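Undergrad: Each chain is listed here by its residues.
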Amino acid sequence: MHTGLKRLAPVLLSLGLLVAACAESAGGPETSAEDGAPEKVQITMWQDTSITADCIIEVAVNSFNEQSDTIEVIAEKKPNMMDAVRPALAAGAGPDVVPTHGPSFVAQFALAGQLMPLDDFVDVYGWDELFVPWALNLGRVGGTLYSLPQELETMVLFYNKTVFEEHGWEPPTTMDELEALAAEIQEAGIIPFAGGAADAIDNNEFYFTEFANKVAGPEKVYQALKGEIPWTDPDFVTSIETLNRMFQAGYWMGSPENFLVTDFSTARAAFASGEAAMTMEGTWIYDSLVGEMFTEDSEHGNDWGWAPMPSLTGEAIYNIGIGSTQSINQASERPEAAAEFLTHYNSPEIQARLLTECQSATAPIRLDPSQLEGVEPRMANLLAEFAKASDEDRYGYTTWTFFPPKTDQVIYEEIEKVWVGDMTPEEYLVAVDAAFQEELQAGETLVVPDR
Amino acid sequence: MPWLFIAPITLLHLVVVVAPSIGGMYYALTDWSGIGKADFIGLENFRTLFFDDGNFRLAIRHNVLWLAFFLTVPFIMALAVATLLAQTRRGSMAIRTAFFVPYVLPSVVVASIWRMLLDPRLGFGTLLENWGIEGFAHPYLGDKNTALGAIAFADNWHWWGFLMILFLTAMQNIPADLYDAAKIDGANRWQEFLNVTLPGIRSTVFFMLMMTAIWSFLVFDYVWILTHGGPAGSSEMLATYLYKQAFQRFEAGYGAAIGITMSAIAGIMATIFVLLRRRGWDV
Amino acid sequence: MFRRRGRTNLIPNYIILLLLVCFALGPILVPLFNSLKTPQELGTNPIGLPRAVHMENYVNAWVQGEFATTLTNSLIYVVFTVAGVLLLGGMAAYSLARLDPPGGNLYLVYMLTLSTLPFWLYVIPLFIMWRNLGLLNTRAGLIIMYVAFNSPFAIFLLRSFFMSLSRDFEDAARVDGANEWQVMTRVVIPIMWPAFLTVGLVVALGVWSEFQAALIFLQKDELLPVTTSYYNFTQRFGRDWSLTSAGAVMMTVPVLALFLLLQRRFVTGLTQGGLKM
Numbered sequence: 259m260h261t262g263l264k265r266l267a268p269v270l271l272s273l274g275l276l277v278a279a280c281a282e283s284a285g286g287p288e289t290s291a292e293d294g295a296p297e298k299v300q301i302t303m304w305q306d307t308s309i310t311a312d313c314i315i316e317v318a319v320n321s322f323n324e325q326s327d328t329i330e331v332i333a334e335k336k337p338n339m340m341d342a343v344r345p346a347l348a349a350g351a352g353p354d355v356v357p358t359h360g361p362s363f364v365a366q367f368a369l370a371g372q373l374m375p376l377d378d379f380v381d382v383y384g385w386d387e388l389f390v391p392w393a394l395n396l397g398r399v400g401g402t403l404y405s406l407p408q409e410l411e412t413m414v415l416f417y418n419k420t421v422f423e424e425h426g427w428e429p430p431t432t433m434d435e436l437e438a439l440a441a442e443i444q445e446a447g448i449i450p451f452a453g454g455a456a457d458a459i460d461n462n463e464f465y466f467t468e469f470a471n472k473v474a475g476p477e478k479v480y481q482a483l484k485g486e487i488p489w490t491d492p493d494f495v496t497s498i499e500t501l502n503r504m505f506q507a508g509y510w511m512g513s514p515e516n517f518l519v520t521d522f523s524t525a526r527a528a529f530a531s532g533e534a535a536m537t538m539e540g541t542w543i544y545d546s547l548v549g550e551m552f553t554e555d556s557e558h559g560n561d562w563g564w565a566p567m568p569s570l571t572g573e574a575i576y577n578i579g580i581g582s583t584q585s586i587n588q589a590s591e592r593p594e595a596a597a598e599f600l601t602h603y604n605s606p607e608i609q610a611r612l613l614t615e616c617q618s619a620t621a622p623i624r625l626d627p628s629q630l631e632g633v634e635p636r637m638a639n640l641l642a643e644f645a646k647a648s649d650e651d652r653y654g655y656t657t658w659t660f661f662p663p664k665t666d667q668v669i670y671e672e673i674e675k676v677w678v679g680d681m682t683p684e685e686y687l688v689a690v691d692a693a694f695q696e697e698l699q700a701g702e703t704l705v706v707p708d709r
Numbered sequence: 025m026p027w028l029f030i031a032p033i034t035l036l037h038l039v040v041v042v043a044p045s046i047g048g049m050y051y052a053l054t055d056w057s058g059i060g061k062a063d064f065i066g067l068e069n070f071r072t073l074f075f076d077d078g079n080f081r082l083a084i085r086h087n088v089l090w091l092a093f094f095l096t097v098p099f100i101m102a103l104a105v106a107t108l109l110a111q112t113r114r115g116s117m118a119i120r121t122a123f124f125v126p127y128v129l130p131s132v133v134v135a136s137i138w139r140m141l142l143d144p145r146l147g148f149g150t151l152l153e154n155w156g157i158e159g160f161a162h163p164y165l166g167d168k169n170t171a172l173g174a175i176a177f178a179d180n181w182h183w184w185g186f187l188m189i190l191f192l193t194a195m196q197n198i199p200a201d202l203y204d205a206a207k208i209d210g211a212n213r214w215q216e217f218l219n220v221t222l223p224g225i226r227s228t229v230f231f232m233l234m235m236t237a238i239w240s241f242l243v244f245d246y247v248w249i250l251t252h253g254g255p256a257g258s259s260e261m262l263a264t265y266l267y268k269q270a271f272q273r274f275e276a277g278y279g280a281a282i283g284i285t286m287s288a289i290a291g292i293m294a295t296i297f298v299l300l301r302r303r304g305w306d307v
Numbered sequence: 038m039f040r041r042r043g044r045t046n047l048i049p050n051y052i053i054l055l056l057l058v059c060f061a062l063g064p065i066l067v068p069l070f071n072s073l074k075t076p077q078e079l080g081t082n083p084i085g086l087p088r089a090v091h092m093e094n095y096v097n098a099w100v101q102g103e104f105a106t107t108l109t110n111s112l113i114y115v116v117f118t119v120a121g122v123l124l125l126g127g128m129a130a131y132s133l134a135r136l137d138p139p140g141g142n143l144y145l146v147y148m149l150t151l152s153t154l155p156f157w158l159y160v161i162p163l164f165i166m167w168r169n170l171g172l173l174n175t176r177a178g179l180i181i182m183y184v185a186f187n188s189p190f191a192i193f194l195l196r197s198f199f200m201s202l203s204r205d206f207e208d209a210a211r212v213d214g215a216n217e218w219q220v221m222t223r224v225v226i227p228i229m230w231p232a233f234l235t236v237g238l239v240v241a242l243g244v245w246s247e248f249q250a251a252l253i254f255l256q257k258d259e260l261l262p263v264t265t266s267y268y269n270f271t272q273r274f275g276r277d278w279s280l281t282s283a284g285a286v287m288m289t290v291p292v293l294a295l296f297l298l299l300q301r302r303f304v305t306g307l308t309q310g311g312l313k314m
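Residue numbers (the numbering used here), protein chains in the order written: chain A, 259 to 709; chain B, 25 to 307; chain C, 38 to 314.
Wrong hints could be hidden among the right ones.
Okay, derived cross-link-like pairs now, BS3-like style, lysine-lysine, Cα gap no bigger than 25 angstroms in a straight line [said to hold, decoys possible]:
| id | chain 1 | residue 1 | chain 2 | residue 2 |
| --- | --- | --- | --- | --- |
| 1 | B | Lys61 | B | Lys268 |
| 2 | A | Lys335 | C | Lys257 |
| 3 | C | Lys257 | A | Lys298 |
| 4 | A | Lys298 | A | Lys335 |
| 5 | B | Lys268 | A | Lys675 |
The hints are simulated quantities; they were obtained by calculation from the structure and are not laboratory data. All values derive from a computational prediction rather than experimental measurement.
When you get a sec, could you build the whole thing from the sequences and use the hints?
TA: As structure tokens, then:
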């Protein structure tokens, strides 16, 4: 049996360990770049325009430029970055370092011939030592490496602890309990789940991911991803039926229609204020959770807690996701310079600083566990539990990490037709299966490590 | 000499629009993904589009509904208000300005205003409820039956004032003696509108009808910012569908086929108007 | 000019008009109010008056949206595009309306056909061409595109303005021995300037709110126009509506000011300047 995902454990544990370790590397500049190396090779990378962008550029890019005598990385902040990436790549332009939202996106670009194979760089820069092997392998499309994982994540059930305590509710562990609790919460005049798809339709895939893995179970999802069973399997039908039954009951924001117009800031505000009691969200909301939703001086005075997303059997299952990736543009004239920068970016020192200084999630790299202090205790606990679960094979598959691109698109676009009543769960799964079988035939499915 | 005046802008168009479009048109006959080699597949894209693609038919339907809305609602509003305004003097300048202000706002601003106002829990419906008027809080952009209408409403909010100003300006160019003559003939206001005002601004109305007909098949901005064509494809337009195929699914050849179809439909619209004009309507 | 008729009761007119004024201006208060709230307050009170005034949103939005840069860029794009459209489009419109070029009607159909081509159909070939011509990431490259996009409408509009203009002045100038260029620059344009103002304003507004082409053809921060500032308030999974609202106000104020400054000319202009018949 392959060690596979068990390697996740040290990675995750070390996430929490890093905080203090970085104080030293955050300290002084190592070298000065003043010595006049006149002809620096220039490469470009794109960064989105969130507030953390400046921090990431400061930590990851400026530090690189200071220490390199031969390469200068130009970080361009790009509003609407992902919308701009596609046409640029399609026309053979764009940045040298190409960002994406996950392996499923990478596959789109790679299959269209827009990314450079990275296999030659693996040995040169020791990427197989740097990254956890299973995570590095997720960057493979048809056996060729096209991307490096940039952000490791999972989803759990966050709940408003204050609201739960007021009503004497306990976090559920089984799907039946979850559904019963949702009904009870609604009865009490509170929205059971905050959530919404108004900002980005692809957020719909969160729900397919959660319900397929938690109702049908990860084993079934694995078999389907391997092409051994179809997506029309009765267990998946039950998954989508459960999801849809709960949607139709108005557990998300009051009605499916309300869910569809709710944007993230509204959903988060509803959850924080106690207007909604729970939310199925990912580890990526960490900075927002502690930084804006539940701060010391929040007017609502509420507190939060988390529990594993309930499953049919009650077993705590954590879905694994790679949130964003980096690749090298096929049109890049300086791929080796880009590779050198990526090595720097993903080095333990820089990743540690990104976590502590920028509150940005880290790549699944091998880190040296040293101390466990500094990370918010609940989040540290979450990461530890995630690691333990993967160690015990209690992990599932997020769509944006393990599903081929066209299937993924059908999953998050067509699910709305189920929610608004234009499609039955069976018809929906027929459409998902059709897209998947097509990609399976064409050899365009993604890497799924052995269980 | 006449063509010397026309040549510069024509040349610019040839470079910016015509030449790349011809390139785009060729790709409609291929399975091009957006980069790399494109295999010639003849009319296969069009066959799929016309016979196998339910989403495409849905998009056309939505564009036709959009056309019907924009050929009527803003025109009726603009004509009615221009007529009312033409009769007033006091404060008329300020009122005109007020009607025109929404047109000045950038589309991203208009869209975000209406996204806030149309919100089911926090939008204008809730505001009305606070004032005791029930029944208007509804997820307009999330309900498949109202999404398209809500987008059209927001777009029209920003558009009709501009149309009104165009009509008003045209009305002011109608010679006053025509009205005097109508009055002598004993015409009431409605007859005056039909027999003097409308014929007097006919060419402006006609021109804007034509542009509306063409633009209705190209609409993208508001739909994209407000719903991305959702929910469940209920506000999908040809242009948003083209964008998704070409840039999200990497089916650039198929996207080009959609683009050509859009142009063809808009071209047919334009031709109808040109033919009408030949038959004695002036533009 | 529309003749006044004092006898008519105008009160119903005013009631309808005032209701419509509320409809036109009311929604604009929303971003104005929201720009003064914290995101937390916005989540629970998105339309009403702010409970406390948070002017710092404007400061934050100015910095985060890089408005200093984007406003300047947009100004440059607007000025040059309007100049280009009015010059090149005006020449073409004048020729079509006055000089009766052979095949003029056919040319109009050609222009109409052009305006039916969707941007997304030709954007990739155009992008490739722009890259080969070195026009990618340049202001000139974007301005050339904007001139091309905006001129069909401008040509049509200007042409119909030219057509509605009496030929007497021009003929008089021609009798005096002026050539066609002199007729256009010395007689027609002075009379036509309100029409140019109208078209110029429409084009300016279009360029000011354009973002699709800019986002694709410009990949340097220092060249981006003001509408892209709007996107600076989006993060991967959400949007800061307080900053968005403050940004919305800031990207609206310049065009609104320009319009209010010119509106007297714009709205009444056409009845002055010799266009009375």
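Undergrad: Determine for every hint whether it applies to the structure shown.
TA: For each hint, the structure was consulted:
1. Lys61/B to Lys268/B: holds, 21 angstroms
2. Lys335/A to Lys257/C: It holds: about 8 angstroms lies between the C-alpha atoms, which stays within 25 angstroms.
3. Lys257/C to Lys298/A: holds, 19 angstroms
4. Lys298/A to Lys335/A: holds, 21 angstroms
5. Lys268/B to Lys675/A: holds, 17 angstroms
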